[in-house]
Amino acid sequence: MRLAFVARRLAMLVASLLVASFVIFGALYLAPGNPVAALSGGRSLPPSSLHVLEARYHLNQPFLAQYWYWLENAVHGNLGISIVLKENVSTLIGSRIWTTAGLVLYASLIILVLGIGMGIVAGLKPGLLDTSALVTSAISAAIPSFVAAIALIALFAVKLRWFPALGNGTDFLSNVRHLTLPAFALALSSLAIVARVTRSAIREEADREHVQTAVSRGIPRRQLVRRHILRNAAIPITTVSGITIASLIAVAAVVETAFSLNGLGAYLVTSAQDKDLAVVQGISLVLVTAFVVINLAVDLAYAVLDPRVALGSRAA
Amino acid sequence: MSVAPAQQRAGDAAPLVTVRAPRGGRTAVGLLRGTGAAGIASAIVIAIATVVAVIGSLIAPFSPTLPNLAVAFVGPTGSHLLGFDAEGRDVLSRLLAGATTSMLGPLAVVVGSLLAGTLLAVIAAWRRGLVDAVIGSGLDILFAFPGILLAVLAAAVFGAGLPAASISLAIAYMPYVARVLRGAALKERSQPYVAALEVQGASATTICLRHIVPNIMPLIVAQATILFGYAMVDLAAISFIGLGVQPPAPNWGVMISENQVGIPQGYPLPALAAGGCIVAVVIAFNVLGERLFEQAQARP
Chain A
30 MRLAFVARRL
40 AMLVASLLVA
50 SFVIFGALYL
60 APGNPVAALS
70 GGRSLPPSSL
80 HVLEARYHLN
90 QPFLAQYWYW
100 LENAVHGNLG
110 ISIVLKENVS
120 TLIGSRIWTT
130 AGLVLYASLI
140 ILVLGIGMGI
150 VAGLKPGLLD
160 TSALVTSAIS
170 AAIPSFVAAI
180 ALIALFAVKL
190 RWFPALGNGT
200 DFLSNVRHLT
210 LPAFALALSS
220 LAIVARVTRS
230 AIREEADREH
240 VQTAVSRGIP
250 RRQLVRRHIL
260 RNAAIPITTV
270 SGITIASLIA
280 VAAVVETAFS
290 LNGLGAYLVT
300 SAQDKDLAVV
310 QGISLVLVTA
320 FVVINLAVDL
330 AYAVLDPRVA
340 LGSRAA
Chain B
18 MSVAPAQQRA
28 GDAAPLVTVR
38 APRGGRTAVG
48 LLRGTGAAGI
58 ASAIVIAIAT
68 VVAVIGSLIA
78 PFSPTLPNLA
88 VAFVGPTGSH
98 LLGFDAEGRD
108 VLSRLLAGAT
118 TSMLGPLAVV
128 VGSLLAGTLL
138 AVIAAWRRGL
148 VDAVIGSGLD
158 ILFAFPGILL
168 AVLAAAVFGA
178 GLPAASISLA
188 IAYMPYVARV
198 LRGAALKERS
208 QPYVAALEVQ
218 GASATTICLR
228 HIVPNIMPLI
238 VAQATILFGY
248 AMVDLAAISF
258 IGLGVQPPAP
268 NWGVMISENQ
278 VGIPQGYPLP
288 ALAAGGCIVA
298 VVIAFNVLGE
308 RLFEQAQARP
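Residue numbers (this note's numbering), protein chains in the order written: chain A, 30 to 345; chain B, 18 to 317.
Here chain B stands alone, though its shape is the one from the complex (with noise of 0.2 Å):
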């Protein structure tokens, strides 16, 4: 430790006990190595829908969005790898152009409920008593609302679309971040390196903000990680029931609805690739954030 040399040479200035917060989260390289073959693997997954996310549109070899019905579910040729959609668009650059709304939309989700579920569940484990009994009826209510419900109803109010979705799934999914955060939460708060902290004069915001969300980031990655998956399995329902993104945007849920036709005709490719893309990120996301969450549990 640097501090140690410094400490000693001050001498009798040094405090009477010594009482060190421990280092707030690992670093990402470290947690990442933490969830072994399997964990690296889905990794590797997410990064490269990442990628596809962000860039997915410009790599796409033809339009994603110009239909020529001549070629309606013509199977795959030369330069057309997975073929036609029902409307005659390259598959593969649907594919490629859909990442983008498939992706944006769950990370909006994880963003918004895990922001406002880490507030309330620090907030409750900080104040305990009234105001944490206060927090945890109201987020039991909350828990009577199934997300899709949520979002289906703000459909019918706000007009479909991914913005309305996120929002409703961000909100139902909030009570479960915070209940588990919250006991995280409430653990760390018991340490003695709060209690040390609070007779030094630190604040309460700094406590909290400086010590304890960064000692239980490791479980809040984990949660973003396993909600991450989730979010994407009822926002592309949501889009798959017609209440999300709306054709002919790209996007993988959309896809399916739209080339659900093909299937009868004996012709499932197109609904099956979109299909397959949403189970290979969701696997990922689920084997990682289930190795996150072992590893963050085993924390001492």
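Same shape as in the complex, but just chain A (with noise of 0.2 Å):
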């Protein structure tokens, strides 16, 4: 990999987080509301303890030096108070966080497993198992998370009763049984997704040229498969895999609110609806920057695989 290219992604990755810190400030800034009446509960002050308030946290500055304010402090992992709660945002973020990341990691891995391994056996086997996987995943794919959430409480939780439908466990094995119904809701049309993205670039590889060439010199299938298909089909399966695992990060929110789950996404809901703006930006930046870095993840490992990328030409 070139050094150049990684440098290049890095500093869009930057500029990505720059605009969007940006973003994020400012659309909060232009709120309605006064950022004085909220520090003081609604009371009025007198003049003194206001202009004490206003240069503590520098609203009497203009935006961009209260931008600048905002984001050194956020760098420096402070991202103020939150009106509603009265703690500090990184606080409740960091007690959040666990929860949101190990769900998107359990979907993750779920879609990796599942996902790629389906696509590779309907790719490698066409018939009655490919047309059914084929339909499955067509309907799968159509099915938002929050309804796969309904339906996964109502047959597995209060039907089956095999999975708790709602909350956080205590520890390590009663978390696990507490997101796999979520992770699974969470990963469910991603899963499709990859799957059938997984068995046509499987299809595609197995009728190109090199292969029929290996196979006519009797090279084993199990090589085969592994050296010559799989290679180049790893190319459209990462990029796909990577662009929908880091979608999850936005859908937690939804699935986390459906099971209410104690994580990030749930919680940015309940502040959005509270107008508790603090914790919204917090949250907001922290789940953009988790957004981009795994998107530089995706690219990098994308030019890992496919080295015509990083030369800068096209892929054919």
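Quick look at which bits of chain A chain B covers, simulated, 3 or more residues with Cβ under 8 Å: (1) 40 to 50; (2) 171 to 182; (3) 279 to 288.
Source of the hints: derived by calculation from the structure; they are not laboratory data.
Please read all numbers here as calculations on a predicted model, not as lab measurements.
Where a beta carbon is used, it is the ideal one built from N, C-alpha and C, also for glycine.
Got two chains here, separate frames each, mind docking them using the hints?
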């Protein structure tokens, strides 16, 4: 991989984060409501205390200066104070981030193992199995996470009682049990998309000339699949897996709400409803950062698999 | 060709090189016929959903908003085919009336993102060079915002509601539209007929609007169809988490969240019925969109 390529992608990452942070701060700066009134809890204050508050929170400074103070603090992990819970936003985020990370990680594992696995099987074995996999995945791809959530709760939590319906667990094992249904709800449509792309990538590679040549040379099937088909098919598979996994970060908010999980996404939603702006800013910043970092990782993995990308030429 | 005889009669007045601009997008019927049985079946589902979205509240047999707690979560009876919801409203009536906001929101998202995305794509392809690079990196940065996150942010600033959610999604989808269409527009830009029109003195606006856009129209239609499905899922999700359409207004996403309480009580029908409507319409848009996309890509 070329160093210049990595440097360019890193520069783009920083630019994206700067613009994103600017939008997040700017949008909430424009939000109706007086920040001093929010700080004082609605009580009217004497002018001297008003001045103290304005000076402490830099409210008397121009917009760009305020943005700079906010960004500087944010980089140092100081994201302000929640108006509703009167606690540090970074503490509030810290106590919820692992639920979201666990959920997204669990769902990613399901997508990678089941999605790619089913795609490979369907791609290598045309016939009835393949056709049914195609139809199933077309339907699953259209099931939104929250519809999957209520269907999974109705079936596996209420009817069969295999898994708890709502809430977080207490220790690692019970957390895994609590996160199983949410992770499947979150993974379902992405799983179907990854399976479909994997299948068509495998099918396409299997028909290529170099594979036909390898078959005629009598190379054993295992080696053929691993070295000649999977190696090339890995490029589109990595791309689609990366994109769908990155998109889970935002959808997690919907799934956490559906399962009453104590995660970042659900907290973001309630904070948006309560207009707890410091929390909305902080969580948005964390989620956008995670999103662009995963996208960067995908781009780099893509460049390792397909050196043409890093060399600047277009993939054929 | 009806113009051929006229040109022959004109004789020496005919231009030295005749480059005929290829006919713009085929007719809607032709496009649809090419998508096969699955595509036509999907189009029928979409047509039904559209009709219901327009006249749904007129054909609803009962009031979709008048609660009657005495019949909350009562199952299907003779005249109430799908039973009653958490507040004792007729589920079928609420589904029919809810189609309007459930379909109108995605329509607004698709129209908004396609107008802006097509405009940027054509400008980037036409001017190439620096303009293309600037638009390209601007869109790359916009990729950093997942649609739902932008909608939550908009709800925090402007208050929850369908307009804010639709505008946020339109902005978030725009880069995807522009990226696909830019490639197609670039290919069209390098066709000989474009150079011929330029030589003949046609203005850039004319060439873009009368020739390039009509020629990439099949791809635009395919994009619109696929995006409609995505927009429906995302907007229903935003309404489900309480930041989109506000209850008691009927909407499929809202219906799922307000009837979620019925699931632990062993009565999931109202929530699942609303979920079923979303899934059926999204499948139809996905299948039709995929077929239209393949068809558009297969064009020479």
